[in-house]
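So the chains spell out like this:
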Amino acid sequence: MASGRDVRDMLGLPMGVDAQKSAVQKRAKAAAPVRRIQGVAREVAALYGERPPPVAVYEEKKAYRAKRQNQGPAKKWVQQPFVNQARVDGLILKHWRRKPTIAPPVQDGEDAPMEEGDNVEPYIENSGDFLKYSIQVDLPTFTDEEYDAYLRSDDWSREETDYLFEVVKDYSYRWAVIWDRYDYQPANKSHLTQETVNGDASQALATLPFAPPKQRTVEDLKARFYHISAKLMKLRIPEMQMDAEQYTLYETLSKFNPELEGNRKLLAAALMNRSMDEVKEEEFLLAELQRINMAANRLDAEREELRARLEHPSANQQVSAGLASFTSSQALQALFSQLFAQDRSKKRASGGATGPSRISLNTNDLIQTPSSANAQLSAAARRQSMATNQSAQTPVRTLSPQQEYRYNVSTHDRLTSGVTFGSDKLLKMRQAKSNVQTQKIAAALAELGVSEVISLPTIKVAEVFEQLIGKVGKLLDVRKVREKEEGESRVLEQMKQRRSSEVQNGDASMSNGTSVEPQAKHEVPDSQEQTPGLDGEGEADDDDNDNDGDGDAHGDGDGEVDADAEGEEDDEDAEGEEDSRVPSETLSRAASTAHKRSASVLSQGSIQSSKRARK
Amino acid sequence: MPAPAANKRVKNKRVSRNIIIGSEAWALPPVGHPDRPKGVPDDHTKRWTVYVRQPDGDPSLTTWLNKVQFKIFNTYENPLRTCDNPPFQVTETGWGGFTIDIRLHFQPISGEKAQYRQHFLQLEKYGDEKLQAEQEKTGCVRSEFLEVVQFNEPTEALYEALTADDQWSYLALGAKGGKKTSSMSTGPNGRPKRGFPNGERSAQLPEKGGDDIPFSQEQEAELINQLKAKMAEVDKALAGENKKREETEAKLKSLREELGHEAAQQAAQQASGDRSRRR
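From first to last, the protein sequence lines are chains S and V. Position in the first sequence counted from 1, then plus 82, gives you my numbering. Position in the second sequence counted from 1, then plus 671, gives you my numbering.
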């Protein structure tokens with residue numbers, strides 16, 4: 083048998099002690115990479131075997147012990163009194179602090195420790211460290227007037243409201259705590275309560291101010307507080323001007339419903355307090371319900387199917403919109419061409435970007451069997467209808483009224499689409515149907531001092547301006563009517579005067595009294611002189627009248643000078659008479675002034691007229 | 672959700688936006704003055720700017736406004752000036768005022784045609800004494816008008832854009848640069864400025880006027896009150912006129928009765944004849 087030695091020899095390996103040494107080395111090498119597990123007893127580590135666990139367990143105490151920092155003697159600590167700046171009452175508390183290193187006084191080195199011992203100077207630390215933990219909550223505030231005007235409540239007195247706010251402030255909106263600590267004692271009633279408790283009329287007295295305090299629930303407290311907050315918020319910022327964040331806050335505040343909240347809590351509590359049996363029963367019932375529903379659905383579906391089978395033809399017609407009419411090849415061809423055209427036009431409209439889905443037709447489709455064409459057709463129709471549905475449903479962004487206000491969006495009944503400008507609208511209002519009226523309106527507005535360009539052509543301004551224009555229009559209308567009537571009455575007045583003067587003239591000439599005549603004559607020119615100023619007739623008329631007046635005055639003077647009635651004087655008189663009648667008779671006939679003149683010059687006419695007057 | 676269509680319109684809705692169209696003019700230093708800019712013809716006495724902008728803190732103009740063309744007097748070189756991006760303004764020098772045609776080109780999503788506005792370039796002092804005094808003091812003649820652009824039945828795309836919250840983001844972008852943002856976003860009273868986050872963000876007129884806010888709701892209310900006062904005036908005049916009319920009517924009636932039907936007709940004819948002749 084070949085020993086190991088022989089083998090080694092054959093393989094040409096070193097032998098003897100060297101070999102043993104190398105074996106030892108090998109073992110040592112193999113052992114070295116095995117990591118020693120720290121902090122575990124050797125026996126325990128041995129149990130791990132070849133592979134150590136992926137997560138090693140270390141005893142922290144042993145593994146990481148900080149080095150003891152030995153720097154001088156132990157530090158001294160003292161109980162330091164301090165004033166917390168966050169407190170208002172100045173209470174002095176103590177806390178442990180490292181003793182401040184006081185530099186020992188240089189001159190009396192030995193006395194220093196002694197002094198330090200007995201004179202425990204009540205140094206009070208003024209610590210501002212705690213200031214940052216004292217957070218004041220923001221509370222809405224209100225004045226007495228505001229309270230009286232808006233915040234009164236039948237259920238809450240002013241004092242209790244104030245108390246509530248105080249408590250809310252103290253406990254920083256932690257409603258559970260607030261409710262727990264809420265203990266409102268009306269100030270002036272403590273001595274009265276005992277008496278009322280005994281009285282049998284406690285029911286009636288419950289409403290009186292000295293009734294025992296009400297038991298408020300969290301919801302009551304919240305409701306009151308939120309109500310006031312919302313009111314105040316609205317007072318400070320008008321609803322329309324809140325930004326989105328403020329508005330949501332306002333909404334939550336104003337929409338708080340204590341009853342709902344109470345019910346919710348009640349239900350939640352009930353849900354929590356169910357017994358195991360109840361839970362199981364509920365689960366069972368729910369499962370049962372689901373089962374019943376499913377069965378019902380299945381039954382419905384089966385019935386539907388049955389019905390569809392029974393009423394097959396009519397149902398088919400309904401579904402595929404009269405496909406029956408396309409059974410002949412001719413009709414089908416017509417339909418195809420129609421769809422083809424439609425398809426093409428649609429393609430053109432959308433720029434050919436119809437996407438991968440194939441809704442376009444090509445001529446190959448015609449060759450296919452009618453049934454497949456039908457199928458495709460209905461599919462296409464369905465797709466189309468889906469598409470239209472979708473576009474109809476395109477949700478136009480819906481905005482809350484507040485948002486609409488913010489984005490300046492308004493709703494109107496009739497609008498012509500397009501862009502318009504506010505100033506154009508204002509300009510348009512100034513324009514009436516006729517040019518003259520427009521000018522009149524402009525004149526009236528200028529008289530009022532309304533500037534030609536309104537600097538803020540907003541809708542609100544436009545509304546007011548429209549009213550103004552409407553009123554101005556009305557004013558102008560009334561003025562027009564009045565002017566017309568005035569003109570008419572003036573003409574009538576003239577007529578009246580003329581008539582009366584004629585009557586007087588007639589009388590005068592009848593009696594032939596010399597003293598009366600000048601008076602009567604005097605009247606005539608007077609009335610005529612008034613006319614041009616009064617009625618403001620045409621300029622030609624005015625001139626005419628003026629001339630006449632002059633002539634009359636002249637005649638008048640003549641009449642006064644020559645008291646006797648001569649031929650000439652007669653003529654003048656006649657002229658006056660003639661003229662006085664001219665406006666009433668000849669004007670309406672639109673007689674020319676020349677004619678009048680000639681008439682007045684001719685004595686014949688005058689005679690005629692005087693005759694007529696006498697009649 | 673499909674993208675909002677550019678050809679479908681939102682029925683019965685109107686979105687309004689306020690813009691300011693205006694001009695400013697300053698006097699140039701006289702010829703020979705060292706401050707006088709070079710290259711300006713000797714006869715030019717003013718430097719002016721005509722602009723279209725939104726009130727401070729309003730939603731961005733560019734949401735709906737694509738570009739603005741200013742048609743200035745045709746003796747200027749290149750009289751049709753186009754501004755593709757804000758600020759929409761043209762600055763020139765000159766000696767006389769004229770009417771500028773301002774053409775507003777809307778964004779393509781609006782599907783609207785361009786619209787003309789006119790603005791007279793005011794170079795000389797104008798207005799009442801107080802205004803003139805201020806113009807004298809500042810040396811700047813400003814003539815601004817508020818215009819309300821109303822998009823009646825806007826396209827869905829435009830509606831969407833005009834009711835989006837990012838219309839104010841241009842303010843934040845413009846204010847980039849560290850420290851400056853805070854000073855820019857808060858006004859002198861420490862409150863956030865209009866249009867900046869937490870500030871008043873609305874397309875309505877600013878609530879309160881100020882030295883640098885030419886148009887506000889306060890002024891609007893004032894204007895409305897003025898107009899209402901005028902209305903009261905008109906009412907008074909109307910009442911007076913009505914009374915007078917009744918009087919004359921009564922008089923006319925009595926006269927008619929006195930003189931008889933024929934005379935009344937004649938008079939009516941004559942009165943109306945007079946009117947027609949006068950016309």
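Honestly, the hints are just simulated from the structure, not real lab data. Any given hint might turn out to be false.
DSS-like, lysine-lysine: derived pairs with alpha carbons at most 27 Å apart [as the list claims (entries may be wrong)]:
1. Lys879(V) <-> Lys901(V)
2. Lys879(V) <-> Lys556(S)
3. Lys915(V) <-> Lys522(S)
4. Lys578(S) <-> Lys901(V)
5. Lys510(S) <-> Lys914(V)
6. Lys901(V) <-> Lys556(S)
7. Lys914(V) <-> Lys578(S)
Derived list of chain S stretches under chain V, where covered just means 3 residues or more per stretch with a C-beta under 8 Å from a C-beta of chain V [stated by the list, open to error]:
8. 157-168
9. 559-568
10. 573-580
Backbone N, C-alpha and C fix where the C-beta goes; we use that ideal spot for every residue, glycine too.
We went through each hint and held it up to the structure:
Between Lys879(V) and Lys901(V) the CA atoms are separated by roughly 24 Å; this keeps the pair inside 27 Å, and the hint holds. For the hint pairing Lys879(V) with Lys556(S), the CA-to-CA distance comes to about 36 Å; that exceeds 27 Å, so the pair is violated. Of the supplied pair hints, the one linking Lys915(V) and Lys522(S) holds, its CA atoms being roughly 20 Å apart against a limit of 27 Å. With a C-alpha separation of about 41 Å, the suggested pair Lys578(S) and Lys901(V) falls outside the 27 Å cut-off, and the hint is violated.
A distance of roughly 31 Å separates the Cα atoms of Lys510(S) and Lys914(V); the hinted pair therefore is violated under the 27 Å criterion. Distance restraint check for Lys901(V) and Lys556(S): the Cα-Cα separation of roughly 14 Å lies within the 27 Å cut-off, and the hinted pair is therefore satisfied. With a C-alpha separation of about 24 Å, the suggested pair Lys914(V) and Lys578(S) falls inside the 27 Å cut-off, and the hint holds. Counting residues of the segment 157-168 of chain S whose CB lies closer than 8 Å to any CB of chain V gives 0, which falls below the minimum of 3, so the coverage claim is violated.
Restraint check on the segment 559-568 of chain S versus chain V: 7 residues with Cβ-Cβ distances below 8 Å, three needed, restraint holds. With 5 residues having a Cβ less than 8 Å from any Cβ of chain V, the segment 573-580 of chain S passes the three-residue criterion, so the hint holds.
The structure fails to meet hints 2, 4, 5 and 8 from the earlier list, while all remaining hints are met.
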